[in-house]
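Using the sequences provided together with the hints, build the complete structure.
Spelled out from the first residue to the last, the chains are:
Number of protein chains: 2
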Amino acid sequence: MTARIISGKEVSAQIYAELGGRIAAFRERHGIVPHLAVVLVGDDPSSQSYVRMKSERCLDLGLGSSVVRLGGLAPEDELLNTLDAINRDDGIHGVLVQLPLPGHIRETRVLQAVDPRKDVDCFHPVNVGRMVMGDPDVLLPCTPHGIQQMLVRSGVRVEGSHVVIVGRSNIVGKPLANILVQKRPGANATVTVCHTRTSDLGAITRTADILVAAAGSPRAITADMVAPGAVVVDVGSNRVDDPSAPRGYRFVGDVDFDAVKEVASAITPVPGGVGPMTVCMLMWNTVEAAWNRLGR
Amino acid sequence: MTARIISGKEVSAQIYAELGGRIAAFRERHGIVPHLAVVLVGDDPSSQSYVRMKSERCLDLGLGSSVVRLGGLAPEDELLNTLDAINRDDGIHGVLVQLPLPGHIRETRVLQAVDPRKDVDCFHPVNVGRMVMGDPDVLLPCTPHGIQQMLVRSGVRVEGSHVVIVGRSNIVGKPLANILVQKRPGANATVTVCHTRTSDLGAITRTADILVAAAGSPRAITADMVAPGAVVVDVGSNRVDDPSAPRGYRFVGDVDFDAVKEVASAITPVPGGVGPMTVCMLMWNTVEAAWNRLGR
Chain A
9 MTARIISGKE
19 VSAQIYAELG
29 GRIAAFRERH
39 GIVPHLAVVL
49 VGDDPSSQSY
59 VRMKSERCLD
69 LGLGSSVVRL
79 GGLAPEDELL
89 NTLDAINRDD
99 GIHGVLVQLP
109 LPGHIRETRV
119 LQAVDPRKDV
129 DCFHPVNVGR
139 MVMGDPDVLL
149 PCTPHGIQQM
159 LVRSGVRVEG
169 SHVVIVGRSN
179 IVGKPLANIL
189 VQKRPGANAT
199 VTVCHTRTSD
209 LGAITRTADI
219 LVAAAGSPRA
229 ITADMVAPGA
239 VVVDVGSNRV
249 DDPSAPRGYR
259 FVGDVDFDAV
269 KEVASAITPV
279 PGGVGPMTVC
289 MLMWNTVEAA
299 WNRLGR
Chain B
9 MTARIISGKE
19 VSAQIYAELG
29 GRIAAFRERH
39 GIVPHLAVVL
49 VGDDPSSQSY
59 VRMKSERCLD
69 LGLGSSVVRL
79 GGLAPEDELL
89 NTLDAINRDD
99 GIHGVLVQLP
109 LPGHIRETRV
119 LQAVDPRKDV
129 DCFHPVNVGR
139 MVMGDPDVLL
149 PCTPHGIQQM
159 LVRSGVRVEG
169 SHVVIVGRSN
179 IVGKPLANIL
189 VQKRPGANAT
199 VTVCHTRTSD
209 LGAITRTADI
219 LVAAAGSPRA
229 ITADMVAPGA
239 VVVDVGSNRV
249 DDPSAPRGYR
259 FVGDVDFDAV
269 KEVASAITPV
279 PGGVGPMTVC
289 MLMWNTVEAA
299 WNRLGR
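If you read the protein sequences in the order shown, they are chains A and B. When you line the first sequence up against our numbering, it's residues 9 to 304, in that order. When you line the second sequence up against our numbering, it's residues 9 to 304, in that order.
You may find that some hints are simply not true.
The following residues of chain B were derived to be distant from chain A, with all beta-carbon distances above 12 Å [claimed, not checked]:
1. GLN22
2. ASP68
3. GLY70
4. ARG77
5. LEU88
6. ASP92
7. GLN106
8. ASP232
9. ARG247
10. PHE259
11. VAL260
12. PRO277
13. ARG304
A short, non-exhaustive set of chain B residues, derived as facing chain A with CB atoms under 10 Å [to be verified]:
14. HIS132
15. GLY137
16. ASN178
17. THR206
No lab work stands behind these hints, which were simulated from the structure alone. The beta carbon of each residue, even a glycine, is placed where N, CA and C say it ideally should be.
Encoded structure:
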């Protein structure tokens, strides 16, 4: 039996519909719309495309958005000054710095310079700490939160399940583990984190009820690593050469989709899986940050 | 074959000896000794005994210590004002608030009122976040750090091992998982966190190379839950009635020690295991906080 496809497009469409109502209510209550500022340093093509996608989504939803661009050689202080001005601007409710940053800029220092109340990425350590400690009022990081929403809204039972996460990045693996282990509906899972140093990865992934691949390695998760009936979430987005594709490349996930879908009970595709959820939860956080700031 | 006993008394004695040298060097360099302030609210007998133990240990090592006591009915603001004064006092390098606090005081608010640079417990969310994100300069929380030190200094290989932690408290389970998963010597483990909502706990604990019991449940880990040759760390300290004991009770761990020691390759006892390590790492953090503050 072939796995059910969990579509991030469909789940995010459902959330966008709810968000429309929340934005209308916010405008009604406060006379303005929530506003997101994105700071982009340099001209990396992928980063530019991500930033464009975020702005367009704001436009679609009727949210305000600004993009502040700094040159790739801008000194760290210039970026910190920019963030300081955004932090003090009452018209801006959410802010994010598009990563990665050029090598001469210290990422840790920049992430700590974002006002925690406007930190819609949940990259400021004080928010990471609050998330880990189970503070219910923190804005959750977009990709892990999107994965949780996808699972819950697709009827996958997370509570009591064994979730195995492959990958320990600060953006996906670590925060997802910390979110899903909390004693809370939609979480309350037994969680295992695997990574490059894991011995016998397959032996561990085969114990997963829910397997999350976030290793950044194309098709690393093969069918023999998946227990029959498991739910598989593919966070990977790896560019691979493909002469038959219009641009000479395409994106594949961390999961060998065609083979794994014959073993799993449900699976997220790439593209159209986790990807759309990330931007969706960013929009969600922007609206929440505005409500938190101006009152309900 | 009976398991080797990993003694927290012995490992902490080794660390105390090193710490003696670091304290002497600090005094040489700065003309003062590191100073720890402990704030105690109310008169809970266990808390009083823990606070006394910490002060005595400071005295033994030649560290400065103060204990500030507030009545059990002291308003939250009084505690916050006390912390504010301690934060501003340049003669104090480390501070902790003895937990638990009386019910009318919001613990989250209090933990956030400690100056992060003096936060020797690593309970402030900004420090928890830095720890999770892998910041090498953060002072690690005492019990998890003590467990890591015990393992490493006893020659237990943590890297590449599968560590299963039973319990997800903010003091032990969650921070220990986040410390041991980091890509770093003495860590780099595959980590699983189990808890009350885990289905078939034994099936998971039996996959552990290193099993950490931090569930707060007397003798919950039985011999059939442990793989032959596993290393078992017992964080539990549960008071149980014992008419034959001088005070009518004694403390037992979360592990059924007598049976598990016949299966495990190494095991920490209760008492004399993790317990002494916690106070030891608190002393370590006090000295580190002073070095961080005044310079090396």
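Do the hints match the structure? See the list:
1. GLN22: holds (27 Å)
2. ASP68: ASP68 (chain B) is indeed farther than 12 Å from all Cβ atoms of chain A, at 32 Å.
3. GLY70: holds (33 Å)
4. ARG77: holds (27 Å)
5. LEU88: Label holds. Min Cβ-Cβ 18 Å, cutoff 12 Å.
6. ASP92: Correct as stated: the minimum Cβ-Cβ distance to chain A is 18 Å, above 12 Å.
7. GLN106: holds (18 Å)
8. ASP232: holds (18 Å)
9. ARG247: ARG247 (chain B) clear of chain A: closest Cβ-Cβ about 24 Å, beyond 12 Å.
10. PHE259: holds (26 Å)
11. VAL260: At roughly 25 Å from the nearest Cβ of chain A, VAL260 (chain B) sits farther out than 12 Å, so the non-interface label holds.
12. PRO277: holds (27 Å)
13. ARG304: Holds, since 20 Å exceeds 12 Å.
14. HIS132: holds (7 Å)
15. GLY137: Hint holds; GLY137 (chain B) Cβ to chain A Cβ min 3 Å, cut 10 Å.
16. ASN178: holds (5 Å)
17. THR206: At 4 Å from the nearest chain A Cβ, THR206 (chain B) passes the 10 Å test, so the hint holds.
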